Amino acid sequence: MRLTFQPLACIACDLCEVACSLRRDGVVTPMSSSIILHSEDKANYFGLVLKSRSEGVVLVRPEGVVSGQESSGGSGGPGAKPILLREPCDLCDGDPMCVRACPVRCISVED
Amino acid sequence: MRFMNGRYGVIDLASGESSEHELSEDAFRGPSSYLSAVGSAAREHAAGGLAVSSGLLTCSLTPAACAGFVLSPREGPAEERMCPLTGYIGTELKLSGFDFIVLAGESKVPGYIWIRDGILELVPSPAIVGSDSWKRTDTIRKDQGDKRIQVISVGPWGDSCLASSQLVMNYWGGEDAIGCAADFGRRSVAAFAVRGMGEIELEEPEEHFSRSLELRESHRAALGESTGLSSFTEKVAGEGFGALFHRKVACYGCPYPCRSYYKVFEDADVMALKIDEPGHLAYDIPAIDELLSIGLTAREVVLSLIACAKAGADPVSVARAVGDGGPQPSVEAIQAALASEKATDARGSAVEGGFTDAFANASDYVVCLALGLCPRYWARVGLNFGAISRVAEPATGSGMELR
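Line order of the protein sequences matches chains A and B.
Quick note on my numbering: the first sequence kicks off at 1 and runs consecutively.
Quick note on my numbering: the second sequence kicks off at 112 and runs consecutively.
Treat the hints loosely; a few may be bogus.
[What the hints assert, rightly or not] Simulated crosslink set (SDA-like; lysine to any residue; CA at most 20 Å straight-line):
# : chain 1 : residue 1 : chain 2 : residue 2
1 : B       : Lys258    : A       : Ser32
2 : A       : Lys81     : B       : Lys253
3 : B       : Lys258    : A       : Pro82
4 : B       : Lys253    : A       : Glu40
Hint data in this document are derived by calculation from the structure and do not stem from the laboratory.
If you're wondering where the values come from, they're calculated on a predicted model, not measured in any experiment.
Bound-form chain B, shown alone:
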């Protein structure tokens, strides 16, 4: 099938050796068969193999085709084992030459996975463990000499294999509602870094382009223009967050972004690059809800999100731990909870506004991720399989069984 690499990589973490494997055409018949192929490969190469994957349409011009996913080896239905990847991680992975990567076994020395140009390796880096997730991303980008490297960063909470740890995408959190960072921590994998500089072929590029624009325009007519995160939650529509709002930001290919950057260390109106770390890119609606509910102000919420992201901790779980008794909730109380690794329960699925519960039907969420489409966007516009199929076909060159 066009629009896929047709191969996946396996890294044996114990030996550091990597291998490549072909995927059969059957894997690309549709989202169910693709997800099945990813799961089978993860099981085939190791008991408890962990997979990091792009989706069937990731990197296409289908609206909001940014997504990938991590498939945890734990027991349970797919929706409870999948951590969405948004931003640019899925697209960079697909352009790296692999459709997905299987992490097998456990590393003896802490390090990070580094993928580019069809090369997959484990880079030993004991010094990186213990550092916060932001420093890991900075270190990897500096060491490998490229600021566009996308990093799934594991913070100290993931190193400690805590249930309420959270994967951090470069610098921001919100996707990982299942404590997936602990799956990396158990393997002594401190981060997963990828840069895609390859190419993906399409069957009919111009037709795919035209059809994607038609579909997007129909969405635009229904949606209007996004104002960023405030288009998705009223909780950030007031003056508190308004005074901190800098710019809205999209993931790859999204015409209706849900991400808002809030500045807390310089004036929100500053557009020039003056300081390296002026604020936080927020899109974790349940986290904002929970932090507001314990009495924090907008500025304190953003500061708490930064602290949780650096620790690689789920802000929902941390806010609940702080809110359940103890001193008056504050940024200092959040930081103390992070330092003491207080908050033992993962956020679970009973929170509204996250990616996991974007759809009323869990199977739509799973299909969306296997397709490489953002659940939040497609829940908003409606998961119309006929429309997706019409856009996808000129890219892939064949019809897919979308259900």
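With the rest of the complex left out, here is chain A:
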């Protein structure tokens, strides 16, 4: 089972990140999620960064999805906790909250 993405469906609402923090710590925080929103807002360039157990860091960029990255390319800036220091996605024991939270079906599950 793995998460799959349609990058251009993303609307940068950040609900996946918040849902992940709710699952991990029961709070809303940008510090603990395994998935984070990366945005260059002035250029309207945005996507997601996922720390996955099976595929390493997955970059969900507008021009395509790349997995197995060693660096995130989107840590959320040095002021935030870098993706490599976070816990990897555990797929919420089979019912990922980011998938449920996403309002535009950018994120889905594949067996």
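Got chain A sorted already, so can you dock chain B onto it with the hints?
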């Protein structure tokens, strides 16, 4: 009450000293009591204190819980003193450790407010004044080393305390219909920057999550899928704007975005990051209406929105000034009006499609902002207090008096 920090910050702009203050539980009984608490705190710490606030449900999973507001100290009813904050500014403020911030007095040296991790300070930055609003945001993000810092940027028009100035949210304008940027300019505050890296506790996280999804799905059934700004105004539904359309963008937690990014300096189909400033994120419906009405094309409208955002000027007022005689309206005429600071009247409330007049009833607008909910989204789906209360209760742990 859960889901609030229970404290606010005050910065004395004259001395640069900041302080923290506890909020009583009474402040969180509902939107009216919360707004009253924000107003009282602003008055208590200084005559003419200016407040920047998140809302009671900002950052929750309640649909479109992105909003915050600036409360101007000027006279008048609440709806004429509130500037909505959309995007991510309200959420970052709540996660910074403060529910709201009071700006008291006036700074001797121009600078910007910088908030993170429960720290509130005034950063002297004389060089930033005079630069355009985009450069202010870029400078602050670069100096503080974080691209996710949210900036309420004051442009040159706000520095000059013009009635038709407009606050710019990072790079874009459309929320400030009351010339609130002048309130910052009078205090020599060039920008307000915030980064939230804290946490907000909920009473029952899973229940809040489930109920928010139920409510959102009921909205989705009624709304369908958003096409961006064209879902809110037919004025951008034609070929002119269609050729410039890049992607729609949501504010925090919004399932039905009203924002469309239009590219004017590269092909709209380019998805890779090639240039830093390819276009503009548009959501200011009255501004687009007004710029089109003076005869500008879609591309000229977007270029004019960029110019007005950089100046921190209200495009509605500028378009009216250009349209009222003088040379043929054009981007050059808009730029000339911006350079000469021509346009003296604020847009007022008599324009349709803005945030202020989202509801027929002004009190709904005020309640919506105090709750931290986007007026444009909630006007579209209907402000159902019973439904909001059902979603909010597992987050806050207590019922609220929503009326």
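Which numbered hints fail: none
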